[in-house]
Structure formats: C-alpha cells, structure tokens
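These protein sequence lines are chains A and B, in that order.
Note that our numbering gives residue 68 to position 67 of the first sequence, counting from 1, and the numbers run on in steps of one.
Note that our numbering gives residue 55 to position 54 of the second sequence, counting from 1, and the numbers run on in steps of one.
Read the hints as simulated data drawn from the structure, not as lab findings.
Don't take each hint at face value.
No distinction is drawn between identical chains; accordingly, a pair holds when it is met within one copy or between any pair of copies.
When the alpha-carbon atoms are kept at most 20 Å apart in a straight line, the in silico SDA-like pairs for lysine to any residue are as follows [claimed, not checked]:
#: 1; residue 1: 78; residue 2: 13
#: 2; residue 1: 75; residue 2: 85
#: 3; residue 1: 120; residue 2: 38
#: 4; residue 1: 75; residue 2: 42
#: 5; residue 1: 75; residue 2: 44
#: 6; residue 1: 120; residue 2: 81
#: 7; residue 1: 120; residue 2: 82
#: 8; residue 1: 75; residue 2: 50
#: 9; residue 1: 62; residue 2: 50
#: 10; residue 1: 62; residue 2: 85
#: 11; residue 1: 78; residue 2: 18
#: 12; residue 1: 120; residue 2: 33
Take a look at the letters that make up each chain.
There are 2 protein chains.
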Amino acid sequence: MLTSAIILFAHGAREPEWARPFERVRDALRSDGARVELAYLELMTPTLEEAARVLVSEGVKTVTIVPLFLASGKHLKHELPERMSALRRNHAGVEFRVSPALGEDPEIISAISAWVTRKMR
Amino acid sequence: MLTSAIILFAHGAREPEWARPFERVRDALRSDGARVELAYLELMTPTLEEAARVLVSEGVKTVTIVPLFLASGKHLKHELPERMSALRRNHAGVEFRVSPALGEDPEIISAISAWVTRKMR
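The shape of chain A in the complex, shown without the other chains (with noise of 0.2 Å):
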C-alpha cells in the first residue's frame, strides 16, 4: 500500500473528451507505478474534496496536488489556498502539499517552445 499519493487537479469543462490530456498523464503515472487520481476544479467530477477522501480512506498519508494548469491566475491564486486549508482541517494527520503550477517550470516552458518549432516545419 502506498502512502503517498498525487492529485492531478485540472479546471475541467462540459465536454467530456476534454479531459482526455489529463487523463493520459494519470495513466502515464499510473503505469510507473504512482498512486495517481485526477481532480478538478469545476465542471466535472471528482472534485478535488473528493479524490482527498477516497485517497485518505484508503490509508494515504502525504498528498501532493499537482495543478495541471499552464498559468495561474484566480483559480489557483485563490481557490486553491482555501481549499487547501480545508482540506487540512478536514483530514488532520494527512500532509498535502501543493506544487506550483506547469507553465512556471522553466523545462515545460523550454517543451512548449519545442514543440511549437516542430509545428513550423
């Protein structure tokens, strides 16, 4: 059983093939080996409350929220700080840890880059 956990936490939007992305990165991790639920912020399921508590039932001690968004803007400057703080005082004795979002990282931005030259060719 694995006690740490992460959350891939995506805006969502009413078409469901939309989350086809996010749910090829969950496989992807799935695959090495990681415990992996995907979450998202509004429009489709689970929330991000919700996933927490499947993981924390199931014995998961450290969760680590993953935003899979390429900018922050509210969502993730507001609303995500308070429903970190929730999920803290709901679940005492759980770490969750927060990690910023994937369009700071200088190596995803250097493989959008990338990719958009190959796009030209």
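With chain A fixed as given, assemble chain B onto it according to the hints.
Below, chain B without anything else, positioned relative to chain A:
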C-alpha cells in the same frame, strides 16, 4: 522579412502575470528567429484578429495559429473555427493554418508526466 509567422493563441485572464508562461514561450521562439505574436481569446489583448492584422500589414503570407491550451473544449472546437473563417474572409491571399492543441501531442503528455514525476522526488 519573414513571410511566415506564428500566433500563439492563449485563453487570457484578468491578472497580467497570468500571461508570463506564454510570454516566455514567445520570447524563446523569437530568440530562435521566428516571427511570433501572442494573442488571446478573452480578457487580454491583442485579440487573434488584431495580431493577424499586424502580421498581414507587414507582408506576412502564411500565419500558423498554435493554440496553447492543454485541452480542447468549446473555445477550440467552436469559437476558433469561426474566427479562422472570418480571418480567411477578411485577408484574402493570406494562408491561415491552425495546429492541434498542445495537450493533443504525445510528446507534451510525456513531458508533463516526467515533470509530475520530478515533483514527487
């Protein structure tokens, strides 16, 4: 004078700092010598139409619109095709292409998965 150009197309948000990751991608591509503009769907300027007008006025003949969206929802499936049609009507003699969204590329999915794995170490 380059006759081909790229428009990086991002969602937009209220906070100016939201745009930083996209500006970094634009700057990386410009430093490689590409003619690149950044345009937004909403909440930020320039719009796609404004960016296209500038490029066309400078003599650009082929414009590739690259959606910097992780996933494709209504914005890319419905709004963008309508805007592409309008661009083609308004700028006869200029070729407008559109690339698939960022999150549809398997290499981007791999780069994101690797980034998440690094967060867990």
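Q: Output the numbers, in ascending order, of every earlier hint that fails for this structure.
A: The structure conflicts with no hint, since it agrees with every one listed earlier.
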